[in-house]
Each structure stands twice: as structure tokens, then as C-alpha cells.
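Sequences listed follow chains A and B, in order. Everything in the first sequence is counted per this note's numbering, starting at 1 for the first residue and increasing by one. Everything in the second sequence is counted per this note's numbering, starting at 1 for the first residue and increasing by one.
No lab work stands behind these hints: they were computed from the structure. Owing to the predicted nature of the structure, the values given are computational and were not obtained by experimental measurement. Beta carbons: idealized from backbone N, C-alpha and C, even for Gly. Misleading hints may appear alongside valid ones.
[What the hints assert, rightly or not] Listed below are the simulated DSS-like cross-link pairs for lysine-lysine, each with C-alpha atoms no more than 25 Å apart in a straight line:
(1) A/K57 to B/K2
(2) B/K68 to B/K2
(3) B/K432 to A/K57
[To be verified] Which residues of chain B face chain A? A few of them, derived with a C-beta cut under 8 Å, are:
(4) A378
(5) Q434
(6) D612
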Amino acid sequence: MRPNAPRIDPTDLGPVREFRACPIGLHSPALEAVLNILRTGTMGGKYCIICLEPHRKWALARLSGIRGMPPVPVPGVEYDDLVEAEWDIFRRRWEAETGTRLPAEFDGPASPGPAPRNTGGEAR
Amino acid sequence: MKTLLGYADQISVTEGDEISFHISSETAEAYDATIVRIINGDLNPAGSGYREEEVPGTAWRVQGRTQKVHPGSCIMVDAAVPLEKLAAGWSLSVLARPTLPESSGADGAGQVMFSLRDPVSGGGIEIGIRGEDGAYAMVQAAQGCVVCAAGVPMRRHEWYRVRVTLDPARNELTLTQGALESCAGIADSAAITVACGIEPAWTPAARIIIAARATAGGDRVFSGFYNGKLEAPCLSDHAGAVIGQWDFAIGIDGQDICDHGPFRLHGRTWQMPARAMTGHNWNGTVRSWQDAPEQYGAIHFHEDDLVDACWDSDFAWRVPPGLKSGLYAARLRSATDEDHIPFVIRRAPGTGHAPLVFILPTASYLAYANEHLAIDAALAERVHDHVPVFGTSDVFLAERREFGASLYDRHSDGSGIMISSRLRPVLNMRPKYQSWLGGTGSGLWQMNADTHIIDWLEHEKFDYDIITDEDLDREGLHALAPYRCVMLASHPEYVSTRMLDALAAHRAQGGRLVSLGGNALYWRVVYHPAIPGVMELRRCEVGNGWITDPGESCHAFGGEYGGLWERIGRPPHKTLGSGFIGQGFDRCTYFRRQPDSDNPRVAFVFEGMKGDIIGDFGLIGGGAAGIELDRANSAKGTPLNTLVLARSEGHTNTYLPSTCALLINYAGQGAAQSDLVRAEIVFFETAEGGAVFSTGSIAWSGSLSHAGYDNSVSRMTGNVVRRFIDPTPFELPAAAARPVSF
Ligand SMILES: [Fe+2]
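Here chain A stands alone, though its shape is the one from the complex (with noise of 0.2 Å):
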């Protein structure tokens, strides 16, 4: 972590709530802050997936930030959702990033609420 890096407020769960809910697609500035801070950092170690069955079945992975270096799996780590898997990676930086485990709340499957859409802006 860089000495001027921005941080993140780890009590403020709200755009951690909201990233589970819709973890693509548009969000608040909160999120946005949130996930610009999650995706600094250097290539070597960074989180990526890799398909093992197109459309059934991926695998957690890091880069290596080594040219001819392949990403490395993480062992044990597979998912059947790629939602799912954007999810895990999230709350896997975000923990390590604050150093603070997410409260039991977030153990649970999600439960979408409707998906915020951009409908401002059109007016001219």
C-alpha cells in the first residue's frame, strides 16, 4: 500500500451490500471509490479466473506479473457462477485491503434487489 493511497472505511458496509446485490453493472460513486481502491495494486498476486468448462465452470487464479508466467490457480477454488465468482473476489480484496473480516451477514447466498439502471442524463 502505497503512503497516499486512498483507503477504505471498512464500518462502511453499504457499497459492500450493494456490489453483492448487482456486482456488474452500474454503481453508486461510493462503490465506484470502493472498487478503484480493490483494483490498484501491482500485476504479480492480482486475482483473475480461468474457465475450465465454457459456460459451467471456472477456477480463482493470480496473475503472476512475470512475463511468461501463467496465472497460478489457487488451489480449491471453483465456481459453477461467474457472479458468484465476482463476488468471492471482491470480499477476498476487500478483506485483505481493511484487514477486516466481513460481518455473517454476507455468508449467505445474495438476494438481488432490482438492478439500478441509468436512466438520468437523457433529458436534453
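Fit chain B with the ligand to the supplied structure of chain A, relying on the hints for placement.
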């Protein structure tokens, strides 16, 4: 696991042509080969289903063998060197601008700038760089070797003059490393002399190799590749008489290397190092190597240059008569892997033609060939707002760098890759391939995404032919002239001057144009004039992934200035009515009809369509509007009679303006906060009785098959194609012209 790899010698063939397939079976397994026609390459269970058709009578069992790729560029001098002239001593000088000076080469033995060695015994001389030692010279005798090294490292991207002299009379080997510009506090110039009582053990088989050394592995297998620029190597005898003096400023657009010396030691480049590179004397007053070739006397070599894998052919096939024009592939299946090697079959001359021709944008496939962006660069997750997913081929390429990368990637020394080729396995130019660039859902990109269009053309039973960018570049208007309507694919981003000329000439004869993609006709590329399937890109001005160095924006292939067509004066807006505005790769959205859509001129487009929303469904990101977006702009050349039929909305802040649309950066330009980044579906009639329709969205074709092909995107596209293949001229609108868009 990826064990079958290969490429075809051609990308486009027709009845009677023979096409050969060059295969490596990594496990040396046998494999079955069959020619198939590719109809839909999408494996997504939510889609219309993967579809290929076997061509009868094309089943072969082939015993596989392993073939290797040897990347790395150099210059080979095939002529024998008059070694007797060097017996009393010699000196060698060269200008060098290293790009990986900290490296001692792949095998640690040095990055070779110049070598004259026996390929088997290694006897001879070699000059190069070894990391901390800086420049070195080595004399290899039968009984041992003597090395003289500067002892101080070179700085990256700085020019040096390296001079080496062997004086057998005094038993001295001398090396000087002189920085042309010094840096206070850094001592990187040196002159070193060591005792050298041995003689180079060369034989008449010794050959000069510039930027690499010969090996015993074969006369086209080298080692010790150098990274960086070299200029003006010169070999003299003990008295200073020239033996060889190579001038890289001559024949910049070719592969021949000229020797001004008396022994005609001319050379040839191997694996196309970058030519038309600024030399040590480039002074910033010229931008084109053609204006002052003497300032472009450098060649930039890379240890990972690759244009031709040079594999032997495993099997060949003569195209029989009667096959439908289309996208085909040699399907290979072994016990451990499957691969498809794609090519196009064109309609044979003299057998008539369809009213519609679909151009497969093979230049853009080459630009993205073996792309490593998400492996090498941090941008992937930022531009598509989710974690990149890698398939088997991506993981394979991440490890096996010898297959080369794309025109978005960089060489190992950090310089941009400017030359791409299909004479190597291109693993992302395949049916079934999924790409991180293809958004959520099917995740298709380029060739495989374009099979959505083929699938739709088949389902709708249109009579169409397929050609490739290479056909268009080679034949110009001739390739398009028979066809009333030309169809462009999901992402025809890279085009040559001859391709644009052909599209313009087709319009001038009253032709119609349907563009089903986004970020179309954007960058200039140049095909190699003599080697089909090799293409150059000088990514200047705005860059993407990398940018050309100052003074290096003109292609070596022919000299044309590179960059964005809108900066070259031929904006896509003129041809298509719209041009690139921005991109994002998360969710795709939909279009909303605009007031222009009620104009009677476009009543045919909306026949049978209900409601204002178009394409709020699809296999690419869940909607027809997304990935890369184009919109109208009369200031950039959108014709004034253009109608904006629909505009996309609902994009997230992942969608941001492209750098070409930005003159200054400021907050709030994300598409959820600004209505700048939108796709626009446009239509206009041409003065010659033709018309143009562009969707302005890469995701469009992913929506065609939705709900059994019965949907707004399919209907709209079908309405347009049916009208466009109808010979009835489009009538010119009276007083329709007014500025459009912002
Ligand atoms: Fe592109």
C-alpha cells in the same frame, strides 16, 4: 490442455486453389482432420447453439509431429566472408541503442550485436552486451576464448558507439564503449584493452549474423538475440580498409540489407525487425523516413519478433467446386485437444455472385492476434468492470510467449509490437474462443463474434458471399464491384488505404453499405507488399497500449503516415455516418428511437417493429448497445442528410470517451453522468443512389438470434439488408440537410 496448434498458408481461397495446413502436435499424437464450414462459433447455452458442417470427403488421419517456433529477429549475411583479410587483425564499429541493457540474453551468454562465428564449433568473434558488463567483445579460439568487456553498464534508450579492435601483432583486444550523450554522475563510457594471444577459430562456414549468433541447430535457428537499435555496423581489416559496411538506410521498405563494401556482403533481415526507425542523428526536423532516409539508418531488433513460424506443412487440400462461399476451418481432433484453423472460401470467378458480400475483417483479427492485454496490463479489469476470465488458449499463450502477441501488446523490451502476421498459430482467431473483451454473456470478440452475423445470414436465408480484408486490400474495387450491398462486421477497426479506396469506389458506383459494428474504420494499417498475411501498424498520435516513438509514425511498408483515419483526413464518419466515441466492456444496453426515425425516408427500416426500445437483450453483455460505440458528428464528416434513427442509453460510468474524442480531460465524463458516450444508429442516402446504415455498436450482432431470431435487432437488420439488395435507387431527399448531433 492445448496440444494442437497450427496455421494455414492462406486466409482466403477459392475453387481449385490448394491450401496447406502447418500443424504442431505438442504430444506428437495422431489427429483427425476434417474441413468444416463454421456457422455459429458461440458455445453459450443461452444462444442459438454451436454449428459447423463437415465438408464431405475431407476426413484424414494425420500422424502428428512437434514443430517449434523460434522467435527473434536478426540479419543474416549468406555470402562467405574473406577471412584471410582479417588474419592480420580487424576492427569493428557499430552504433547501438539498447532497450534491455540489463539483460545478458535468454541464455545469459550475451545479447549479440555482431557475430562472425562458425555455426558448429562457435569459433570466431562476437560483440554484444552483457548486463552489468556493458559491451563485450569475444574471440573464440579452438582452445578457449578471450573476452574484453567495458565493465560499465549501458543506459537504456541511449546511443553508444562501440568499437572493437584485434591486433594480433601486439596480442591486444581493445573495446571502447562511448555514450553519445553523457549523464552527470554516470560513468558509462570506457576503453579497455586485454591481452589476446589466440586467433579466432573460424572456418569457411563462418557467417556474419547481425543482432544474433549462429547455432548448430540449423541455419535458421539463432541465439543471443539483441534488443534495441543498431546502426551502421562496419568491419575493417588491420589497415582500416573496409571489409563490410552495412547501411540500413537503404531499402528501408524491404528485407534486403545493403553492404557498401567491396565484397558485396549483402544481408537479409530475419523475422522482420523494425525498420524506418530513427537513427542516432535524427534531429526532429523530419517526420518521414522517405524525406531523409539518412536519419533513419537504424533497425530495432527484438528477441521476440515473429512473422513466420516456418512450420512444415502437414496436409493440403484442393478446394473442390460447388462449395458455398463462407467461413471454413480445418478441424483437428486428437485424444487431448481440438483446434480449428480458419479460412474463407470465396465464390469462384465466373459462377455468378450474390447481391450481398460480407467482409470478414481479417486485418482487425490480425491486430488482435494472440492479444495479451489482460495478462500483461492492468487496464483489463478497469475497462470492463469485472475480473478477466482466461480460457485454455489464453493460459497457454501466457506461458508460451514464442507465439507472439498482438498490435496492442509490447515486446519484452517494452516497445510496441508494430507487425502482426497470420503465419503462426493465432489462438484467438477461432470458433469457440471466448475473450475477456467480449463483455459478459457469450464473451465473443472479432472472428467468433462475427459468426453471430453468419449464423443470422444463414437463418434468414440471405444469398451472400464472404471475402476478407486481404482480398479487399489486394483487389480493391474489383473485389466489391459485383455486389450491390457490402456488409461490415462487428469490429472492423483496422483498414488500409486501399480498403478505404475500395469502399469509396463501391459507393461511387451506387453501392450500399451496412455496418453492423462499432469502432469501425478507425486505424490505418498497411499490408506487406510481398508477403501476404503480414501487416504493419504505426500507432501514433493517440496510441493504445503503446504509442510510436517520435519520428517513427510512418510505416516501413511503403512509407504512409499512420494513426487514426480521422487524423489522416478520412474519418469513418464520412464512410459510415458515425465514428468512434467511447467504450466500456461491462453491461450492454439498448437503443431508443429518436425523432428522425419517423421520417418517411426510413419507414422501411422500422417495418413491423413496435415500441421505442431496440435491443434490450442479447448474448454480448445483455444488450445490443455496447462494448465500443460510434456516433454521428457532422463536424467530423457525417453527411448532412444523415438521420439518427436511434441512440443508446443506460450505460454505466465504465463507458468513457475515447482519447480521440478528448481534447482535455475533466470529471463527469462517465456515461452515467454525461450523454457524450452513446451509440447512434444512422442512415443516409448517397449522391449515387446508394445508402449507408450503421449500428455503431460492437454488441449489435449478439442480439440477432434472440427469441428465435424474431426480435427488433433482427427485424431492423433484415429490413435494411432486404432494401439494400433491392436495385431500386434511393431517392435523394429534398432539403434534408442540416447539421446533426453535437
Ligand atoms: Fe478495438
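Which hints from the list above does the structure break, by number from lowest to highest? 6
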